[in-house]
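S.K.: Okay, here's what each chain looks like letter by letter:
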Amino acid sequence: MAESGWLTHAWQMGWFDFKRTLTGVWDDKSRLAMTVGPMVFVGIVGLALLVAFADELQGLSGVTLPDGARGQVAMFWVFGVYILTNRLVTQRSRLEAEAFVLTTVSARTAAMGHIIAETLRGLAYFAAPTIVLTAAGFIIFGSPGVFLTIPIATVTFVMTAILTGTAVGYLIAWLLTHVKFIRRYKTIIGGSLVAVVMGGYLMAVMGPMEGLNMSFLDWLPPGWLLDVGVLGIGEAIEGSTVKAAGSMLSSALLLIGGMVATDRITNGYWYSAPVSIDDDDDPTDHSERSYQLGPLPFPKFISQPTRRVSEWVIMRSIRDPSRLSYLTVPAIVVFDAVFIAYNDGALDVTLAPVFAIGLPWIFSEVAGMNPLGDEGSMLPLLVASISARQYIHGLLVPGLLVGLPLAGILTGLAGMISPYSSVEIAGLVGIALYLTFVAVIIAPALGMAMPRFDAISIGRSDDVLPPRMSTVVLHSLSVVVPGAVLGGLLLDPELTRTALSFIFGGIPALVLGVLDVGGVGWFEQLMADIQATDIETLRYGLGGGIIAGGLFVAGVCYQHAISRFEKYEPQ
Amino acid sequence: MTAIETTTLTKRYGDTLAVDSLALQIPSGVVYGFLGPNGAGKTTTMRMLTGLLTPSSGSAHVGGVSVTDRDALRSQIGYLPETPPLYDEATAFEQLTYAAGLRDLPEDPTQERIETLLDDFDLLDDADDRIDGYSKGMRQKVAYIQAVLHEPPVVFLDEPTSGLDPRAAKTIRQRIRGLADDGTTVFLSTHILPVVEDVADTVGILSDGALIAEDTPTSMTQRAESGQKQSLEDVFLELTDSEQAAEVQPNG
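Protein chains in written order, with this note's numbering: chain A, 170 to 740; chain B, 8 to 259.
Since the hints were made in silico from the structure, they are not lab data. Note that the structure is predicted; figures quoted are calculated from it, not measured. Wrong hints could be hidden among the right ones.
Lysine-lysine pairs mimicking DSBU-like chemistry, simulated, CA-CA at most 35 Å apart [unchecked claim]: (1) 736/A / 143/B; (2) 198/A / 188/A; (3) 736/A / 188/A; (4) 177/B / 143/B; (5) 143/B / 188/A; (6) 736/A / 469/A; (7) 143/B / 349/A; (8) 198/A / 736/A.
Whenever a hint applies, use it, and build me the whole structure from the sequences.
M.R.: Put into structure tokens, the structure is as follows:
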């Protein structure tokens, strides 16, 4: 039962939460850049494209909205729901300052406050592209109707995705904590589910029946919001009025259904304790207990403190796999690349290079992406118990002792089914080993330079949170970009040279040309210079430079991580 | 032998003076009750003495080791912060085995010691359950065992009896006294004054970052202006009153 005035309270909670987000983003400039940067980039690129093709767009008349476009919007909506569901399950299923909130307002108020905050965040995130799109729509098509239809479509899109993601997220969170079987085997179930969903998605998108046509998703009503958006354009692009009305009706059902479901589920979820998964037949033997702490057989020549840190890093992730939710991205990218290659009949050519880059990426991110934040309330004791060198070594051991040989072996095995020469296979294995080595070592330094702790200090200040997105992105770029260049220089240096000349010379020249701000000639000359570079010079000069630079950066990061732990003062 | 020694130990946060020229000389084998109102600087002092916080000026030595030398300091201290430092995903047995491993204690005798300590605190039957299902008191007990597991010469305890039932609190008090009797120095910060009265050999009272009184509990309760014996609580309230605090000089 909600208290009187619960909607006002929910609004106050949501607004307060949203303001906290704004303050947090503003205070953390790297997070600000990572949050605003992509949207500004999308806005600028979109604007540039609209300006570039303005004449063609103005000439449009009576173009029927294709099903593929609706399918694309629907796919984007499904992806948004997936992201929001994952975010809720891994980070936001319990309330911050829960005891305070639930003894002050009703669960309904808290749930609606969360939804309002998420909606405000979503709208703020999409504000810039929406404004650009609306303004461009008016300028190009001259119809004031876009001022109504495009914002309505965008707001409905964001709100339905949030409500659906929230309701599904709370349902999953409830299942994970209240169904003993699911709670016990959540790692296996979650992994299998992701594989099935992603496999199904890829089969649907790229399977032999549909090819790359996205129209197979055009039956999803959120995709019909595109029809609402183009209603205001006039006769240039014709959507379906029936589908526009249908999307609004189904959106209303989703919003109401999402709110009711969230209200019901959170009422049960927040006010009940999770089921216990402790074994009834507890082990009493020491050796059995010790075995539980050591899931991987780390050799005894590693000092005990270092070994314990390594063991616990692995054990903790096994017991609370939501800590590794950020690994979904590299796992999906690698899976996606392998699946597309298989579908195109090019698995033999693609698998080894994908493994050489993708496996170091995944293995290096298992430990050390947010070491200080991962320790939670243990951090002060840890700093007072173990030397910095032993602790950092403990974070590196799983990646170097298990990940590194595994990446090399799997890449080598993939190379054996490839058409590459033995020198090229050896080169790929070398890249896998080199990348794993460097990526594993730089991870703790990045994670400690940008630690992530719970922002609120009331009640749940010791919660463990996933690493900052900026850390994950920076680390991923540090692995994938040099890895791709090295792989390209090894297997197809001419193509790599062309790609580099286009990336560093062609694209900037194109963008500057569209914006008409000068400097085009300099980038065109750069493109020509790169194209003129001798292949061997590029291969050994750039390749050698990347390898030497990576090792140097790894050395600096290693020292930095040790120094950071030595000087760390818990707040 | 002096276990804890500080000279003009000072900590500033910008313009805020958290700890002001603190001078302590605590001999080995005593329980030092460290009292003070909220925000007096107790936690900051404990963090400096455990090496977790770098002093702004002055010096401090624990077990003869400078607090700025973290590597050497680790073997000298055990620390129980106010929030029990535990992993929710671990069982009590795993947590303590892990903590022992971090300190590189020999495995077999440590396993036996862990079992003995868990048994002493009535935790042995729950030792293989995950900590996320523990009550506050059970967590506190595990964290206490963790702080003393390696038998350090100096133990820092921040509110060790917080959240414990009377029986468990009594066990902890007895343990603290037992530690001191065996030669361990216990630096005890708490708001539960009867605990200090019960176990402390010396009491220091901190107010606004400065040590305003230091004496045995008996002497302190008899030193009030009236000349009549008062409870430690009365003395504490009297001394930490801001108007009177300025008139009272540290003793010792």
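S.K.: Evaluate each hint against the coordinates.
M.R.: Consistency of the hints with the structure:
1. Only pairs whose Cα atoms come within 35 Å are accepted, and residue 736/A paired with residue 143/B is accepted, the gap being roughly 31 Å.
2. Note on residue 198/A and residue 188/A: the hinted pairing holds, with a Cα-Cα distance of about 16 Å set against a maximum of 35 Å.
3. Restraint check for residue 736/A and residue 188/A: satisfied, since their Cα atoms lie roughly 33 Å apart, inside the 35 Å limit.
4. Between residue 177/B and residue 143/B, the direct Cα distance comes to roughly 16 Å. Compliance with the 35 Å bound is thereby established for this hinted pair.
5. With a CA separation close to 33 Å, the supplied pair residue 143/B and residue 188/A stays within the 35 Å bound.
6. As the CA atoms of residue 736/A and residue 469/A are separated by approximately 29 Å, the hinted pair is consistent with the 35 Å bound.
7. A distance of roughly 24 Å separates the Cα atoms of residue 143/B and residue 349/A; the hinted pair therefore holds under the 35 Å criterion.
8. Distance check on the hinted pair: residue 198/A and residue 736/A sit about 23 Å apart at the alpha-carbon level, within 35 Å; holds.
Figure legend: structure checked against the earlier numbered hints; every hint is met.
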